[in-house]
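Asks: Residue numbers (the working numbering), protein chains in the order written: chain A, 1 to 167; chain B, 1 to 795.
These aren't lab readings, by the way, just hints derived from the structure by calculation. Small disclaimer: the values here were computed from a predicted structure and weren't measured. Misleading hints may appear alongside valid ones.
[Claimed, not checked] DMTMM-like, lysine to aspartate or glutamate: derived pairs with alpha carbons at most 25 Å apart:
no.: 1; chain 1: B; residue 1: 330; chain 2: A; residue 2: 132
no.: 2; chain 1: B; residue 1: 330; chain 2: A; residue 2: 125
no.: 3; chain 1: B; residue 1: 568; chain 2: A; residue 2: 76
no.: 4; chain 1: A; residue 1: 73; chain 2: B; residue 2: 369
no.: 5; chain 1: B; residue 1: 381; chain 2: A; residue 2: 125
no.: 6; chain 1: B; residue 1: 712; chain 2: B; residue 2: 279
no.: 7; chain 1: B; residue 1: 208; chain 2: B; residue 2: 615
no.: 8; chain 1: B; residue 1: 445; chain 2: B; residue 2: 660
no.: 9; chain 1: B; residue 1: 330; chain 2: B; residue 2: 315
no.: 10; chain 1: B; residue 1: 445; chain 2: B; residue 2: 431
no.: 11; chain 1: B; residue 1: 241; chain 2: B; residue 2: 279
no.: 12; chain 1: B; residue 1: 113; chain 2: A; residue 2: 76
no.: 13; chain 1: A; residue 1: 79; chain 2: B; residue 2: 615
no.: 14; chain 1: A; residue 1: 49; chain 2: B; residue 2: 661
no.: 15; chain 1: B; residue 1: 344; chain 2: B; residue 2: 310
no.: 16; chain 1: B; residue 1: 327; chain 2: A; residue 2: 23
no.: 17; chain 1: A; residue 1: 78; chain 2: A; residue 2: 98
no.: 18; chain 1: A; residue 1: 79; chain 2: B; residue 2: 571
no.: 19; chain 1: B; residue 1: 557; chain 2: A; residue 2: 132
no.: 20; chain 1: B; residue 1: 557; chain 2: A; residue 2: 15
no.: 21; chain 1: B; residue 1: 511; chain 2: B; residue 2: 489
no.: 22; chain 1: B; residue 1: 241; chain 2: B; residue 2: 230
no.: 23; chain 1: A; residue 1: 49; chain 2: B; residue 2: 571
no.: 24; chain 1: B; residue 1: 568; chain 2: A; residue 2: 132
no.: 25; chain 1: B; residue 1: 557; chain 2: A; residue 2: 98
no.: 26; chain 1: B; residue 1: 41; chain 2: B; residue 2: 29
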Amino acid sequence: VGRAVVGRAAMCSGDTLSILRSDSYAGLSQYRDQHFRGTRYDQERLLRKSCTLYVGNLSFYTTEEQIHELFGKSGDIKKVIMGLDKVKKTACGFCFVEYYARGDAENAMRYINGTRLDDRIIRTDWDAGFKEGRQYGRGRSGGQVRDEYRQDYDAGRGGYGKTVQCQ
Amino acid sequence: MSRRRHSDDSDAGQPHKRRRTSEPSEIEERLESLICRVGEKSNSSLESNLEGLAGVLEADLPNYKSKILRILCTVARLLPEKLTVYTTLVGLLNARNYNFGGEFVEAMIRQLKECLKVNMYNEAVHLVRFLSDLVNCHVIAAPSMVAMFENFVSVTQEEDVPQVRCDWYMFAFLSSLPWVGKELYEKKDAEMDRLLSQTESYLKRRQKIHVPMLQVWTADKPHPQEEYLDCLWSQIQKLKKDRWQERHILRPYLAFDSILCEALQHNLPPFTPPPHTEDSVYPMPRVIFRMFDYTDDPEGPVMPGSHSVERFVIEENLHCIIKSHWKERKTCAAQLLSYPGNNKIPLNYHIVEVIFAELFQLPSPPHIEVMYTTLLIELCKLQPGSLPQVLAQATEMLYMRLDTMNTTCIDRFINWFSHHLSNFQFRWSWEDWSDCLTQDLEKPKPKFVREVLEKCMRLSYHQRIIDIVPASFSVLSPANPVCIYKYGDESNRSLPGYTVALCLTIAIKNKASNDEIFSILKDVPNPNQDDDDDEGFTFNPLKIEVFVQTLLHLAAKSFSHSFSALAKFHEVFKTLAESDEGKLHVLRVVYEVWKNHPQMIAVLVDKMIRTQIVDCAAVANWIFSSELAHDFTRFYIWEILHSTIRKMNKHVLKIHKELEETKARLARQHKRRDSDDDDDDDDRSSDREDGPLEEQIERLQEKVESAQSEQKNLFLVIFQRFIMLLTEHLVRCETGGIDVFTPWYKSCIERLQQIFLQHHQIIQQYMVTLENLLFTAELDHHILAVFQQFCALQA
């Protein structure tokens, strides 16, 4: 078996076609966390081997259990870390999902990103890795930045944006 | 100044140099792109694109011949859905350059031999088909192709080889005939007749014990689940009866007939199939999945019959498209929907059938299950006016046939349907399924609905499910996933351990340490013995009960809370669960607390295995224990068991990998030492360098052996428990004179099959033990049949 497997690998790695190599869902997005401590190069290196995904556009009411059920479809989950409002310490619509294997995270990017959870289209992106403090929203009011300034009404994300609410 | 001018000169030179060194790879990319894109939607006709491309490639042959050869061989192997486009291209090149045609054929034969050597049989079939279509393009002489097929078919005469080997060569021959049958029969009808009659006798004598294990439904109505070679043979026989007239395949070469028939053909070199070796692993047999026929879409184009060669070609091509584009869901959906001929065939039905064929394939789907859910959603987005209806029709049909559907396939149906609904606000006409409400809850239909609703709840929340189903369905609705704490109520204060539970609660809330917990638990009497044994913590079920109930109750808020609790009090858990009975009891208490929340049970069991509070064998024994008998047929139980087995398998692989890596490090170290050291006196110091690595290897070797032994033991325990359980049922039925085939029995025997199928590669290693120890001739034939079917899979 060993010999045959090595032969197969040698055959496959050299000889494929770039149209078949295309894996656009699993690639890096344009977003880079501005709070990342390190060089751009370090950040991208970490993103390319990361097993952690950022998940955004969640409803404030979506639970860890729901996230575990959905993201468990692409592989075994090591940890889910819910994003919290820095002031209220309640869920504020994002989370991190860490897998044991990068391949499982890639499948989540391919098949769970852009589908619905709690009736909302959720978005996943590579994350360089959880560090204490990153579970908090970075908006001035304590939630996520996107909820500070948005003008629309979103029942699953606290209604109007914070600046609109303060008017 | 002069220096700058000098550098200016060299700068002027540099871009030139840079362009020269990067040119070849750019050219190669351009060539690859040109070749891959031919056949796609274009303003010009396919014929003019092919002609143009042939001209470009012919001009590039002097400089880039080997690259062009490589690219063409690769598309032959990896883009079978565009087979005839590329055979036409090769035909045109051969007509312009005979030598190139010859070199291409040689390269293809080399590639075919390589594929067979490394067990890449699926790709080898594509190569064989490509070669056979080259006969239609006047590149290969028909008689030499027939000769190759004669060598293929003669493999069936080999002795002492696995049937799956003969099967593959037969499949490679038969599955090429839709493309080239007509031409070969016209040129060599006597030889072909002989081959076909040899085929018929082989198919008659080959054994098909494995078929029941691979069928999605056990019933033959409305569509029989045929073994793949039987189905293909029927299709080829019908094709022959139709005088080899085949009208579905797009054949661009027909437009170039005047050019191609002028070309000189090449003879295939005599091809001897490489002999069977111990390392050879042939493809598993398959059963053809059919769920639609022409009556299902009365208003649309007619769906080709199950024994028509058109059906075969369409299904092959759709499967190939999915295989090519599985990573790119939008591309995959678009490519499926733009399959040529989509106004002459009910394409949506074919697509849905092919996708479900893969989703329900036994032993496993070719791709990860969630891919199919998302692909179907993409297809619905692209065809919102038609595809959702076909999907709804398919769902309805699958529901109607649940009674005879294989349990593993029902699992996949449940997962798909619930996930799909969660993307469409759980909208479904549940009332259409009210027939299941009057049935025994253990029957497949009500069981299916219950499991679907439970999964829907996991993706949303309890009240949502209550809201989406009619009131009559409440009997099938999932329980509210709340924790059951036996010491919670004042009315329970007479329970033994109640006061300790209260004490523990307060202590844990006050952030007690593990030591403090131990000392509180000391006061718990052991119902198993008269005197309290303080020496070591022997198995004390009451201690376990009080501790685990209380802790899980306090941490009930979320998964994270529970995981933190397990981590914080890991020491206590390890001590209480030190013995096998302890482990089993921990699992029992977890179940008692969380029986309303199967998802929580699953994640807790997973965490406890990973932190070594319980081991895999304990989980297996717990699943087969009498306490769980009530839930034995529930989906979550089998998810837990298979997840447990997978963890065990991954563990073994991980340590094995570590061992191989350490061995490699040692080998590299030796090489380094040998290459730069000629001095014998340095032997001792180099031994010292090796020491730690060699020790490590020894330790890892032991670890691997112990892990492999644990893995084998796990499977043996599972098989043993199955045999006991099934035998008990069979004996009871026999003595009571009742029918063996209850819903429970069907579920249980198919769960046993599922163990074999889902972990077949590992289990193959244990065949001798299984045959001699467990699946012996004395076993009831119902149970033995499962083992025999499994053995037949690679026989």
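Asks: For the pair we were handed, residue 445 of chain B and residue 660 of chain B, check the Cα-Cα distance against 25 Å.
Replies: violated (49 Å)
Asks: Taking 25 Å as the top limit, are the C-alpha atoms of residue 330 of chain B and residue 315 of chain B close enough?
Replies: holds (20 Å)
Asks: Against the 25 Å threshold, does the CA-CA distance of residue 241 of chain B and residue 279 of chain B hold or violate the hint?
Replies: Status violated; Cα separation ~40 Å.
Asks: Given the hinted pair residue 79 of chain A and residue 571 of chain B, is their alpha-carbon gap at most 25 Å?
Replies: Holds - the C-alpha atoms of residue 571 of chain B and residue 79 of chain A are around 21 Å apart, at most 25 Å.
Asks: Between residue 557 of chain B and residue 15 of chain A, is the straight-line Cα distance small enough, at 25 Å or below?
Replies: Not OK: residue 557 of chain B and residue 15 of chain A at ~52 Å, beyond 25 Å, violated.
Asks: Does the alpha-carbon distance linking residue 78 of chain A and residue 98 of chain A stay inside the 25 Å limit?
Replies: holds (5 Å)
Asks: Is the Cα-Cα distance between residue 49 of chain A and residue 661 of chain B 25 Å or less?
Replies: holds (20 Å)
Asks: Assess, step by step, whether the Cα of residue 330 of chain B is no farther than 25 Å from the Cα of residue 125 of chain A, and give holds or violated.
Replies: Holds - the C-alpha atoms of residue 125 of chain A and residue 330 of chain B are around 18 Å apart, at most 25 Å.
Asks: Has the given pair, residue 568 of chain B with residue 76 of chain A, been kept, meaning a C-alpha gap of at most 25 Å?
Replies: holds (22 Å)
Asks: If you draw a straight line from the CA of residue 73 of chain A to the CA of residue 369 of chain B, is it 25 Å or shorter?
Replies: holds (8 Å)
Asks: Does residue 310 of chain B sit within 25 Å of residue 344 of chain B, going by the straight-line distance between their CA atoms?
Replies: holds (11 Å)
Asks: Residue 557 of chain B and residue 98 of chain A: Cα distance at most 25 Å?
Replies: Distance of about 21 Å is within 25 Å: holds.
In summary, the numbered hints that this structure violates are 1, 7, 8, 11, 12, 20, 23.
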